[in-house]
Every structure is written in C-alpha cells, then in structure tokens.
Amino acid sequence: MVYENPDGVMIGLEIHVQLNKLATKLFCGCSTDYHTSEPNTHVCPVCMGLPGCLPVLNKRAVEYAIRIGLALNCEIVEQTQFHRKNYYYPDLPKGFQTTQYDYPIVSDGRVVIEGEDGEHVVRIRRAHMEEDPGRLMHMGTIDRSRGTLIDYNRSGMALIEIVSEPDMRSPREARRFLDKLRNILEYLDVFDSTLEGSMRVDANISIAGGDRTEVKNISSHKGAERALLYEIMRQKNIKRRGEEVVMETRHFDEARGVTISMRTKEEEHDYRYFPEPDLVPMRVGSWVEGILETLPELPDARRSRFISDYGMVDTHAKALTSDIRVADFYEEVASKVDPAAAAVWVSDVLKGELNYRDLTVASFTVEDMVKIIELVVSGKVTEKAAVEIIRTILDEGGSPMDIVKEKGLLKVEGDVVDQAVEAVLKENPQALEDYFAGKEKSLNFLVGQVMKKTRGRADARSVREMMLEEIDKNYR
Amino acid sequence: MLEGLSDLKNKIGSSSAEDVVASYLERIEKSDINAFTCIAEDAIDQARKVDSLDIEGPLAGVPIAIKDNISTKGLSTTCSSAILDGYVPPYDAHVIERLRKAGAVIIGKSNMDEFGMGTSTETSTYGPTLNPWDAERVAGGSSGGSAAAVAAGQVPVSLGSDTGGSVRCPAAFCGTVGLKPTYGAVSRYGLVSYANSLEQIGPLANRVEDVAALMDVIGTYDNRDSTCVKHNAGYTDALQDDVEGLKIGVPAEYFGEGIDDNVQKLVWEAIGKFEDMGAEYTKVSMPNTPYALAAYYIIAMSEASSNLARFDGTRYGNRSEGENWHMMASKTRQEKFGAEVKRRILLGTYALSAGYHDKYYLKALKVRTLVKQDFERAFEDVDVLMAPTMPTPAFKIGEKMDDPLSLYLSDVNTVPINLAGVPSISVPCGFSEGLPVGLQVIGNYFDEATILKAAHSFEKNTNHHTKLAPGVV
Amino acid sequence: MITKEQVEHIGWLARVNIDEEDAFEFASELSTVLDYFGQLDEVETSGVKPTYHVADVMNVFREDKPTDSLEQAAILANAEDIQEGYIKTPKII
Chain G
1 MVYENPDGVM
11 IGLEIHVQLN
21 KLATKLFCGC
31 STDYHTSEPN
41 THVCPVCMGL
51 PGCLPVLNKR
61 AVEYAIRIGL
71 ALNCEIVEQT
81 QFHRKNYYYP
91 DLPKGFQTTQ
101 YDYPIVSDGR
111 VVIEGEDGEH
121 VVRIRRAHME
131 EDPGRLMHMG
141 TIDRSRGTLI
151 DYNRSGMALI
161 EIVSEPDMRS
171 PREARRFLDK
181 LRNILEYLDV
191 FDSTLEGSMR
201 VDANISIAGG
211 DRTEVKNISS
221 HKGAERALLY
231 EIMRQKNIKR
241 RGEEVVMETR
251 HFDEARGVTI
261 SMRTKEEEHD
271 YRYFPEPDLV
281 PMRVGSWVEG
291 ILETLPELPD
301 ARRSRFISDY
311 GMVDTHAKAL
321 TSDIRVADFY
331 EEVASKVDPA
341 AAAVWVSDVL
351 KGELNYRDLT
361 VASFTVEDMV
371 KIIELVVSGK
381 VTEKAAVEII
391 RTILDEGGSP
401 MDIVKEKGLL
411 KVEGDVVDQA
421 VEAVLKENPQ
431 ALEDYFAGKE
441 KSLNFLVGQV
451 MKKTRGRADA
461 RSVREMMLEE
471 IDKNYR
Chain F
1 MLEGLSDLKN
11 KIGSSSAEDV
21 VASYLERIEK
31 SDINAFTCIA
41 EDAIDQARKV
51 DSLDIEGPLA
61 GVPIAIKDNI
71 STKGLSTTCS
81 SAILDGYVPP
91 YDAHVIERLR
101 KAGAVIIGKS
111 NMDEFGMGTS
121 TETSTYGPTL
131 NPWDAERVAG
141 GSSGGSAAAV
151 AAGQVPVSLG
161 SDTGGSVRCP
171 AAFCGTVGLK
181 PTYGAVSRYG
191 LVSYANSLEQ
201 IGPLANRVED
211 VAALMDVIGT
221 YDNRDSTCVK
231 HNAGYTDALQ
241 DDVEGLKIGV
251 PAEYFGEGID
261 DNVQKLVWEA
271 IGKFEDMGAE
281 YTKVSMPNTP
291 YALAAYYIIA
301 MSEASSNLAR
311 FDGTRYGNRS
321 EGENWHMMAS
331 KTRQEKFGAE
341 VKRRILLGTY
351 ALSAGYHDKY
361 YLKALKVRTL
371 VKQDFERAFE
381 DVDVLMAPTM
391 PTPAFKIGEK
401 MDDPLSLYLS
411 DVNTVPINLA
421 GVPSISVPCG
431 FSEGLPVGLQ
441 VIGNYFDEAT
451 ILKAAHSFEK
461 NTNHHTKLAP
471 GVV
Chain E
1 MITKEQVEHI
11 GWLARVNIDE
21 EDAFEFASEL
31 STVLDYFGQL
41 DEVETSGVKP
51 TYHVADVMNV
61 FREDKPTDSL
71 EQAAILANAE
81 DIQEGYIKTP
91 KII
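From first to last, the protein sequence lines are chains G, F and E. Per UniProt numbering, the first sequence starts with residue 1, numbered consecutively. Per UniProt numbering, the second sequence starts with residue 1, numbered consecutively. Per UniProt numbering, the third sequence starts with residue 1, numbered consecutively.
Keep in mind the hints are simulated off the structure, nothing from the lab. Every residue, glycine too, gets a C-beta built ideally from N, C-alpha and C. Check the hints yourself; a few may be wrong.
If you anchor each label on the Cβ, the simulated ranges turn out as follows [as the list claims (entries may be wrong)]:
1. F:245 x E:1: 52 to 62 Å
2. G:108 x F:335: 42 to 52 Å
3. F:15 x E:73: 34 to 44 Å
Derived lysine-lysine pairs resembling PhoX-like cross-links, with alpha carbons at most 25 Å apart [stated by the list, open to error]:
4. F:359 x E:4
5. F:467 x F:273
6. F:359 x E:49
7. F:331 x E:88
8. E:49 x F:372
9. G:351 x G:384
10. G:439 x G:452
11. F:331 x E:4
12. G:180 x G:351
13. F:372 x F:359
14. E:65 x G:21
15. G:85 x F:230
16. F:396 x F:30
17. F:273 x F:230
18. F:11 x F:460
19. F:283 x F:265
20. G:59 x E:65
21. F:336 x E:88
22. G:371 x E:65
23. G:59 x F:230
24. F:396 x G:85
25. F:336 x E:65
26. F:230 x E:4
Listed below are several chain F residues computed to face chain E (Cβ distance under 8 Å; list not exhaustive) [unchecked claim]:
27. 197
28. 227
29. 342
30. 362
So that you can see chain G by itself, here it is in the shape it has in the complex (with noise of 0.2 Å):
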C-alpha cells in the first residue's frame, strides 16, 4: 500500500529544543534550574545583555549538539563559529541572537518514522546552536496588550534548533516524527521533555499548486497536528476559492485551535548576519569519535533489544521504548519478575491506565508492579483485579496488599464458585433454554451472574469451562 497523499501536503518542521540536562546557560555560568524560580533571579550581566558583557561557550553544549547530529545521523561539520542575526525584539537583550548561520554544527541526517504507509524516511537538514530569549507576558492579550511583562531566566538557555526537510505528508506523520524526536532526544540525556517550553515547534506547509506558510508557536505535539490539519483546511478553501496560497507567517492560537496571519511593519526582517567577533571559531571535528563512543543506545536499538533479549513482541517493544522512562521501568520490573508478564502488564496495562489519565510512569512504583504482576501469576488474584488494584492505586492511592485486603480480592475458592454456577443455572432457566436453542450469548450471561455473584473474584474463563461442565452433567 502505498500513501497516495491526494493533496500534495509537503511538511517542514523547525523544531527548538531547550538543551535543558546542561548545569548552565549557553554562554554564561548561570543555572538552568529556574522553571520554579521568581522572575529575573537566574541572570547575570552576560545573560541579561549588560554593556561590556562578553560571552564564553559551554563546552558541553557543543558535545550534546554532536551527540544529537550523531544520533540524527548527520554530518558533523569541522569547523564552525557564531554569526548574529540581528533584530529588535522586547526578550532579546543584545538586540541581536547570537545562533549559527552558515556553518551548522550538524548537517544531512534522517530519521525513520511510522508512516502513513509503512517506515517513512524524514531528511533533517540541519541543526544549529543557538541562545533563547527571554520569555514575554503581555498583559491581555499580544495583540489588545496593556503592557509587556519581561523575565530573562530563560535568556541564553542553549537550544538546538532542527530543521528537517519537508518530507512529512500529513499531520499526522508530523505528530510522529515529533514523538520520535523527544524519545531520541530524551534517550540522548540532553533534555527534559517535561519540563515547560522545552520544546517549541515552527511549522512549514504548503498543498500542491501553493506557495507554502510558516506556523509558528506551536509549544506541543497535539497542538503540531491540529495547527497543521487547520492549516491544510485553510489552505484547500482557498485554492477551491481559485484564489493563491500566500507566503507568510502565521501565529497558531492554541486556545482557539486557527492560525492567524502576522503580518506587520515589526515582522519585516533583514538580519543582517555577520560572524560574532566576541567569540572565536571552534574546530570539533576530532571529538566526533570520542563522543561516538559514549553515546547511549537509542530507542531503535533498545526495541531491537527488547525483542530479543525477552522474548516479546514487536507491538510490546516498540510500546515500552517509544518513552525512556517507560522503558527503563519496564526492565527493572523485568529484573524481578517473569519478562513475559512484565510486558504485558506494563505496555498492555499500566501504559494505558497512565495514558486515560494523562499521567506519567513516575506515577507509579516499581515495587508495586512487581507486587501486583506476582500476585497475578501466582494465582492469588485474578487478572481483573490486578487492574482495579493498579486503578485504585493511580486514583486513590494504597499498597497493593493493602487494597486486595480493603476490596476482598482475593481469588475465592473453588467450591464457592461451585455452588454459585449450580445456583444461577437454577435461577435462570429461560436463558439455559436459549442456549440450547444455540444462542452462544446467553452463556455469556450466566458466565457475568456468575461473577456478580462471586463479586469478580472468581477467574472468568474458568467459570465458563465450570458452567459447561455443569450443563453437559446435569442439564443434558
């Protein structure tokens, strides 16, 4: 099967990550830790662009950027220095950016996705360092403001910015190519996806026959596709209306779920780039191999792994690694009990009663999916109750044991069983009736008064084998 793509979408990400595991700003020894702090407490005069400051580059932001070329699998250039790109703008405290221009650190990469119609390659064009401004509160809303409120915390954080070739088709290849970003990203250990504006998306579309726009301030995944697929409608009217597609940035307005145009006297630019005579060139190429050495196993790998190493399936690997934190929690439950079960219980289970409440794994402890995955194969719960346990836990709170004692979960005995499949074959004559008459739902039904009665304590398959032993002996 091949994705015919009937309306020519051609999707270009750019794509700023905050290199936010990194101790301290891009050019200067400021903490990185300031998501939690008041207002303009994480600068100093070289972050907050004091007259006289100069500006001196974190080594470790040149080896993560490496790191992320290596893993994107780019080229990593030689040599390379910082341009400015010049523009006036309230959160930009120099009045210019100081970004790289001509000469990325990394270039020419690719990353494989899940496609619209199978493995799907996107070709990364680039990726760059650079240094973020500061953030911006307007008071009211940006375009009815009363006033800007200005914190530099976040100015000279050092960010990558990635640029891919426009090779996603739909919106959603766009969401999954994101998703597959961060999990390389994360796996990287350069970056902390959780943490606030980590990660800002700048989107490029274009339909067949159309001149292409730029979406900006996209600030997550789910907002990438609906900015996108309102960006294609936008698009498609207005070619149905015969008129043309126009080149300009659009700003995405999340609560309202539209892109709007941006088109001002302020957004006109010519930035002027020139190489900054503050700080000099650097030459890196050599360090490639050393940081080849040390990078950690990327998520493809990992799958791979998990494949092999316990035996499980692909639709279980490729769930458990498409998050490290998910991944790592899966092989210390792993460690401790039967590989096989922990596959099921943490991709099939856990992962989905995290997903419906937007929570993540660190909600929930190794020890008590262990607990509850031992309590399952040992036969002392049923697999029903293991997953109330695991609901009660996430909703309520409580150990497992704690709530098989509160809730009466305990797998009852057989004969209790016994007595009630022999008393709701009595109590349901019309039903047993109508299976004979070759209705297999009525089973069904007994089977469910069954577990009413032993209050879905008792094991379901085995009850269903009990009734039709049942039935064959004494009804037939």
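With chain G's structure known, arrange chains F and E on it following the hints.
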C-alpha cells in the same frame, strides 16, 4: 615635570594615600577642562582603606581615571551618552578588578566621544574636553578625558580604549604616552563595545614606565573574554635604555598627503634621534594603507550597529515614550543617541543589509586581510615601524564637527594598526607651534616589549615629556 | 546616492526613528561617506579571504559549572519600569 608612579610611591610612603588622592582631587576640582564625567564619591574612602590596611599592591594608593566606557561596579558608566546617563553597572570590568586588587584608587570616570565614536571628545553628551595646552583646541579622542587628565596632572595614570586610535590620538594631542596593546592582550570583559573586533583597553601616562607598570597589572589572561590570548607579560622588565641595532621601518604611506609638514619634520627628527642612539632605519612599503580608512570605518560601523542594538530603553538606561515597544525603542534611540552615533549606526546597518553586505562589509574584511598582510610582510624585515600618530596637532574645537568625513580622515595613521591588531604606542616627540606632536611606534603581535623599550629609550634621551602644559604645576 | 526612503528604511531596521526633515540631511551625509567607501571597489580582492578575527585563537570554552547569578534587585535597579520582579515595557504591537 609631573609626578610618576615611583614619585607617588615615595610620597604615599612618607605621607599617606589619602593625602595624595586628596591633592589630585583638589586639582580636578579647580580645573575647567571637563576631563571627567563623574568623580567617585568614595575615592577618599578607597585611599583610607589602602592606608589602614597597609595594602601593598603595585599601585597601592595610586589614583587613576577610567574611561567612561569601562564598567565600574557602583560607579556610573555612561559612555558619555545620554542614553546611559544614570546607568550604574552591577559589575566590574576585568581591568577594574585587577586595578582594585593592585591597590589603585578609582578616582572617577573620564570624558570621551559618545561610545568612542569620534576623534575629539566633542561628541560627548557632556560637552568636549579641552586640551590642556590650548583651551580652544580639542583633547583628541575618543579617550580625550583620559589623556587630558594625565596631561593636566589631575591623575598620574588613566585607562582609555582604542578602537581606531582612541588612546594614541589624545595621547599625541595632549603630549602624553598612550599604548594600544595587541588585540587579545588585555581582556575586554567590561569594556562597552563599539567595534569589538578592533578595540583594546590601553593605558595612558606621562612616562613610558608607568604605561608598562599599568600593563603589568591589567594585561593578564581572563577567561571571560574568548578573544583574550595567553601571552608572556613582563612589560616593565622590557624597559631598557638600549636600541642598539634596532631595525626601524618607515612606511612612506604614513607620510603622504594631508600630513602636516611640521609633524613630518618632528617625526623624522625623532627617527634621526633613534639613529644617533644606535638604531637603523629603512623605508618600507605598505601599499594597502590608503584603503585602510574606508575598510576600518565600514567594519567599525557595522559592528557598532549591532553592538549598540541593546540600548533600547528596556533593561537599563533611559527611555522615551512610545505607543508600543518598537516605537518606544525607536524614539529612545532617536532622542538619546547623538548625531554621530546615529550616523554610524545607520551606515553600519546599511553596510550589513541585504544587497550591500558583500559590497561593503565583506569587501572591507578582505581589505583588512591585505592590510594585515602589509604588516606581516614589513615585520619580516624590521623590528618596529615609526610614523606620525596624527596627521596634525590638535585642531580647534568645532572645526570638523560639520563634516564627518574630514574628521574620519584624521584617523588615517592610526586605524591600520587596529585592522591588523598589532600593538602601537604614541610618545611625545616635540611641539608644533606650542602643541604636542606624537610619534607612533608600531610593533609586531604581542611584541609590546620592543615598542616599550624603543619608546622608553627615546624618552630617556629626550626631554619632550618633561614639558608642562600652561598653568599646570 | 542614497534616498530619503532608504534612510527611513535603514532607520526602521536600526530602530532609530527619523523625522522627515532629518531624513534629507542624513541622506546627504550618508551618501558622502558611502561615496568615500566606494573607493574599495578599486582594490583587487579576488581570492582574498576576509579577516573576521585577528587573533589566531580557536576552541575557547567554559566548563558547564554554575556560577552565581546577580541578585534580582541588582538586575532591576537600572530598569525604568518594573512590576513584581518583571521588567515592564509598552505592549509589543
């Protein structure tokens, strides 16, 4: 002759730093040459601290004037611009940290051309500094206050900064010694950038040995300036009265059209003096010199247009009213920058803008390469180069203010040195109609030792530096 | 020759507001200087590399070790308008 650092050391030893600093403050009080933008209110306290703690740093108790573009914690730093009037930095420049550690007393901030953009200190928002030798004439620039204060005996030493001659020009005009170190020899951390690929902080004094002593203090490696270079210092150690066998190159291009006859004569006399002292000279050719001025101004203005972008009225400095942020910034910059600063920002913006970047900016950087190669070639054959620092003695206040280009042309002999990044010192070499004239001694990269030695020997064998400006006692 | 409109455009790029009457004067002054700069056209520079940095220095880095930030009060002391620890400016658009 004015007191030097060794005289001061004795004086402080026999009386106190407080007395010495007080006597300098008194001279500043009495003066009307407008050399300072502000006086440190704690100057006497700093001196008392030296006395009471018996601080023994190499500059213990020595009062020093700091150009107003060097960041001083707790002391106003305005770059002589209305946009920064009232700005008090929360941090010290590297050189200030070093000076404080050495026991120096920061006595005040010296007047300058606004952001260093000028050759006469006339573009200062606080008005021009007057030349101590003739109050109708400029002190030179942009470090005019630093040079005039030294020449008028208001401080024994000062710091300036030199982007295209801003230390050497006022040194020449005021009859003092001024050194522009090799690019990378002194940390720029805390120096408010005008054209950051060209400029260095440099000392001014009445004696070469005092300039060397200051370099020993400020010329240390600093990892906060990525362009700072680790190098062997020992500036004072280089001071020997010995130029026997020194090979001097005299570039004909520095004696061309526009160079005053008297100035040429005095510089040739100085070269003759060096011959008497055992040095030898040859004429050298530096063919790209005529293009250096245009290349310099394009590069300086381009960098300036970016360096001065931060002055938008948001985080520090003064602000004008505007209906939105962009208008506020735009009005602030219209109203608080002086005319020359605006001209340079506009020209620099133009030179970097789409369609003109290659014609102006990139071309200038290529010419810079050629100018640099001129120096590299010359230094294959000679130890130092000698030339007039300035084409003329100090000109009259107001004379060139209406014609920016004529002002730029007076930098013709100083800017090539900044393009190449080599060190250069200006020393007094005589007087033309009562006005001081400077001899420029240019050295190879990080070879300050040789030019300091040459300048020191010249000083030891001449008496130009002993003459006092009128009214100075 | 640079025009009044060009001056205004550059003025906007550089965020230097320029009044109508000043634009003409700037246009003439800037043209004079740009004419002078034009002399560089005479210089043969094919094959010449630009010099961005005179010092032959490379690979200058800092270790990823935190240093003290400034006190909030010290940072805000020089700002004209502040509110609850933020720096306040007019609205953007």
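For each hint, the structure was consulted:
Distance hint for residue 245 (chain F) and residue 1 (chain E): a CB-CB separation of about 55 Å, consistent with the stated range 52 to 62 Å. At about 49 Å, the CB distance of residue 108 (chain G) to residue 335 (chain F) agrees with the hint of 42 to 52 Å. Between residue 15 (chain F) and residue 73 (chain E) the Cβ separation comes to about 40 Å, which falls inside the hinted range of 34 to 44 Å. Simply put, residue 359 (chain F) and residue 4 (chain E) have alpha-carbon atoms about 21 Å apart, close enough for the 25 Å limit, and the pair holds.
At most 25 Å may separate the alpha-carbon atoms for a hinted pair to count; residue 467 (chain F) and residue 273 (chain F) meet this at roughly 18 Å. A distance of roughly 14 Å separates the Cα atoms of residue 359 (chain F) and residue 49 (chain E); the hinted pair therefore holds under the 25 Å criterion. Pair hint residue 331 (chain F) plus residue 88 (chain E) holds up; C-alpha atoms about 17 Å apart against a cutoff of 25 Å. This hinted pair checks out: residue 49 (chain E) and residue 372 (chain F) have alpha carbons roughly 12 Å apart, not beyond 25 Å.
As the CA atoms of residue 351 (chain G) and residue 384 (chain G) are separated by approximately 16 Å, the hinted pair is consistent with the 25 Å bound. For the hint pairing residue 439 (chain G) with residue 452 (chain G), the CA-to-CA distance comes to about 21 Å; that is within 25 Å, so the pair holds. Proximity of residue 331 (chain F) to residue 4 (chain E) is assessed by CA-CA distance (about 18 Å); at most 25 Å being required, the pair is judged to hold. With a C-alpha separation of about 17 Å, the suggested pair residue 180 (chain G) and residue 351 (chain G) falls inside the 25 Å cut-off, and the hint holds.
The hinted pair formed by residue 372 (chain F) and residue 359 (chain F) meets the criterion: a straight-line CA distance of about 20 Å does not exceed 25 Å. For the given pair, residue 65 (chain E) sits about 12 Å from residue 21 (chain G) by alpha-carbon distance, which is consistent with the 25 Å threshold. Only pairs whose Cα atoms come within 25 Å are accepted, and residue 85 (chain G) paired with residue 230 (chain F) is rejected, the gap being roughly 30 Å. Of the supplied pair hints, the one linking residue 396 (chain F) and residue 30 (chain F) holds, its CA atoms being roughly 23 Å apart against a limit of 25 Å.
With a CA separation close to 35 Å, the supplied pair residue 273 (chain F) and residue 230 (chain F) exceeds the 25 Å bound. With a C-alpha separation of about 23 Å, the suggested pair residue 11 (chain F) and residue 460 (chain F) falls inside the 25 Å cut-off, and the hint holds. A threshold of 25 Å between alpha carbons decides the hint, and for residue 283 (chain F) with residue 265 (chain F) the separation of about 16 Å falls inside it, so the pair holds. Taking the CA atoms of residue 59 (chain G) and residue 65 (chain E), the gap is near 10 Å; set against the 25 Å cutoff, the hint holds.
Proximity of residue 336 (chain F) to residue 88 (chain E) is assessed by CA-CA distance (about 20 Å); at most 25 Å being required, the pair is judged to hold. Distance hint between residue 371 (chain G) and residue 65 (chain E) is unfulfilled; the C-alpha atoms sit about 42 Å from each other, more than 25 Å. Only pairs whose Cα atoms come within 25 Å are accepted, and residue 59 (chain G) paired with residue 230 (chain F) is accepted, the gap being roughly 19 Å. Of the supplied pair hints, the one linking residue 396 (chain F) and residue 85 (chain G) is violated, its CA atoms being roughly 41 Å apart against a limit of 25 Å.
The hinted pair formed by residue 336 (chain F) and residue 65 (chain E) fails the criterion: a straight-line CA distance of about 39 Å is larger than 25 Å. Distance check on the hinted pair: residue 230 (chain F) and residue 4 (chain E) sit about 48 Å apart at the alpha-carbon level, beyond 25 Å; violated. Interface restraint check for residue 197 (chain F): the shortest CB-CB distance to chain E comes to about 7 Å, inside 8 Å, so the restraint holds. Taking 8 Å as the C-beta cut-off, the interface hint given for residue 227 (chain F) holds, the closest approach to chain E being about 6 Å.
Satisfaction of the interface hint for residue 342 (chain F) is found here, the shortest Cβ-Cβ separation to chain E being roughly 6 Å, below the 8 Å cut-off. A distance limit of 8 Å between C-beta atoms decides the matter here; for residue 362 (chain F) the minimum to chain E is near 6 Å, and the interface restraint holds.
The structure fails to meet hints 15, 17, 22, 24, 25, 26 from the earlier list, while all remaining hints are met.
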